[in-house]
Amino acid sequence: MKSTSELTDFYYKNLYPTLKKLDDERKHLRYRIIVIGVLYTLLFFLLFLAFSSPNTLSGDFLAFFAFAYFGLGTFIYKFLIKDYTKEFKNKIIEPLIHAIDEKLTYASEMYLPQHYFNKSELFTSSPDRMSGNDYVKGYIDGVNIEFSDLHAEKKHKDSKGRENWSTIFRGLFIVSEFNKTFHGKTVVIPDTAQNTFGSLIGNWLQSKNLSRDELVKMDDVEFEKEFVVYSNDQIEARYILSHSLMKRLLTFKQKSKHPVYISFIGESIHMAIYYDKDLFEPSVFHSLLDYKIAMEYVKTLHLAIGIVDELKLNQKLWSKR
Amino acid sequence: MPTSLIILAVIVIVLILMYNSLVSKKNQVENIFAGVDAVLKKRYDLIPNLVASVSKYMEHEKSLLTEVTKLRAEANKPNISEHEKIALDAKVTSALGSIMIAVENYPDLKANENVMHLQHSLNEVEEQISAARRAYNQSVTDYNNAIEMIPTNFMATAMNYQRKEVFEIPQTQRENVNVKELFN
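Order-wise, the sequence lines are chains A and B.
If you count by the numbering used here, then the first sequence holds residues 1 to 321, one letter each, in order.
If you count by the numbering used here, then the second sequence holds residues 1 to 184, one letter each, in order.
No lab work stands behind these hints: they were computed from the structure.
Hints should not be assumed to be uniformly reliable.
Stated by the list, open to error - Simulated crosslink set (DSSO-like; lysine-lysine; CA at most 27 Å straight-line):
1) A:Lys253 / A:Lys160
2) A:Lys208 / B:Lys164
3) A:Lys185 / B:Lys42
4) B:Lys110 / A:Lys217
5) A:Lys185 / B:Lys110
6) B:Lys77 / A:Lys185
7) A:Lys257 / A:Lys299
8) A:Lys21 / A:Lys119
9) A:Lys2 / A:Lys27
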């Protein structure tokens with residue numbers, strides 16, 4: 001697999017003509033967005049003045065107005081950048097993915113099916129709405145892998161019966177074949193209890209988590225600090241999480257710089273990296289040639305596709321061959 | 001209700017909780033040991049096959065093979081204690097390691113499909129055993145902590161719970177045998 005520096009080279013060399021063209025488009029688009037944004041805000045302000053009188057000026061009225069302003073604004077913004085986004089994905093993201101491996105398939109508007117998310121058991125609440133994009137699927141070094149951007153949300157009703165949505169997960173979701181055979185369920189999630197309450201009370205709280213299986217204490221101090229493991233099979237959890245895999249997961253976590261959730265269920269390893277934003281979207285207000293922006297695309301892709309090599313998923317145990 | 005009754009009730013509840021937590025820790029150890037036993041048995045089942053396939057070739061290591069067979073027979077005896085099983089496991093691991101290293105000296109054996117198959121199976125069982133050992137060690141540590149730490153230690157003494165021993169992770173043993181044999 002190509003390294004991140006090779007990919008950065010590819011981004012700046014092979015994609016340069018396209019980038020240059022797209023960046024010009026971006027500047028026009030930015031101008032258009034600013035002009036339309038100013039006009040839109042002005043119009044809304046006038047509307048607000050026209051409708052508001054001392055007896056209508058309640059909290060509800062203000063909330064409704066703000067909601068309409070942001071809702072419609074987002075819609076218009078998305079509409080304006082639609083073509084630009086599509087072009088960016090087809091001409092930049094897709095070639096970048098193919099530069100890593102030609103046989104990977106990419107669909108910019110699809111996302112991982114919801115049953116993967118539910119099956120992973122990484123998050124205890126089940127989502128009422130799923131969205132996502134940038135679906136990649138393929139076969140790397142003999143290992144099946146697929147991933148996409150996901151946004152899972154849950155619906156709540158407040159006391160007045162109004163609907164609102166809270167995010168369960170937003171970020172990169174990866175599903176890949178695992179190199180060992182197992183039958184139980186093992187879930188590895190970031191350790192928040194132990195970090196906030198210290199190890200004694202934290203440990204006690206973790207063992208009392210009713211929505212999860214049994215707590216598994218791992219024999220790697222660093223790993224225990226970062227993660228907490230739940231499983232329905234104490235022995236199998238350690239069979240999966242060998243000392244070397246724990247080290248590799250720690251390195252992965254440090255590389256990703258975001259919370260990482262991992263589960264081993266069925267035949268697969270599920271990984272959810274909580275970026276809390278939509279990835280692989282074109283920047284509108286910063287140059288596409290900006291090194292920081294380029295590195296974000298390259299690094300995220302490299303991280304996702306690199307798990308096969310990073311976690312040695314290609315070193316299948318003999319019975320899986 | 002008089003205060004003394006409330007205090008008595010609280011003491012009784014605390015005692016019950018302590019008792020139950022100790023029992024559950026002891027059962028957890030036994031439970032996991034059953035898992036350890038199952039994978040150890042898996043490995044013992046591979047031994048006759050292994051000995052049969054390599055004995056034709058291995059002239060100089062006959063003593064190693066008889067030792068492994070003897071260890072297996074010992075492990076298969078009924079009613080051996082956890083303590084003995086742990087000791088036997090360490091010996092078997094070391095002896096099997098030496099056999100596997102010796103196999104490297106016989107090109108015919110190394111290429112033999114049957115031996116290769118056995119080698120892979122052994123490697124896999126070895127990984128499962130290592131996981132089982134780690135799980136067992138953790139449960140024993142929890143148990144030992146409970147019977148030595150205040151306040152559960154008083155209860156443990158009353159219940160006559162004894163410290164249990166953990167598995168040594170036998171990494172170095174293998175290498176020791178290896179080096180010695182190479183220079184002989």
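How the hints compare with the structure:
no.: 1; hint: A:Lys253 / A:Lys160; verdict: 41 Å, violated
no.: 2; hint: A:Lys208 / B:Lys164; verdict: 26 Å, holds
no.: 3; hint: A:Lys185 / B:Lys42; verdict: 23 Å, holds
no.: 4; hint: B:Lys110 / A:Lys217; verdict: 39 Å, violated
no.: 5; hint: A:Lys185 / B:Lys110; verdict: 37 Å, violated
no.: 6; hint: B:Lys77 / A:Lys185; verdict: 34 Å, violated
no.: 7; hint: A:Lys257 / A:Lys299; verdict: 11 Å, holds
no.: 8; hint: A:Lys21 / A:Lys119; verdict: 43 Å, violated
no.: 9; hint: A:Lys2 / A:Lys27; verdict: 31 Å, violated
Violated hints, listed in ascending order, are 1, 4, 5, 6, 8, 9; each of the other numbered hints is respected by the structure.
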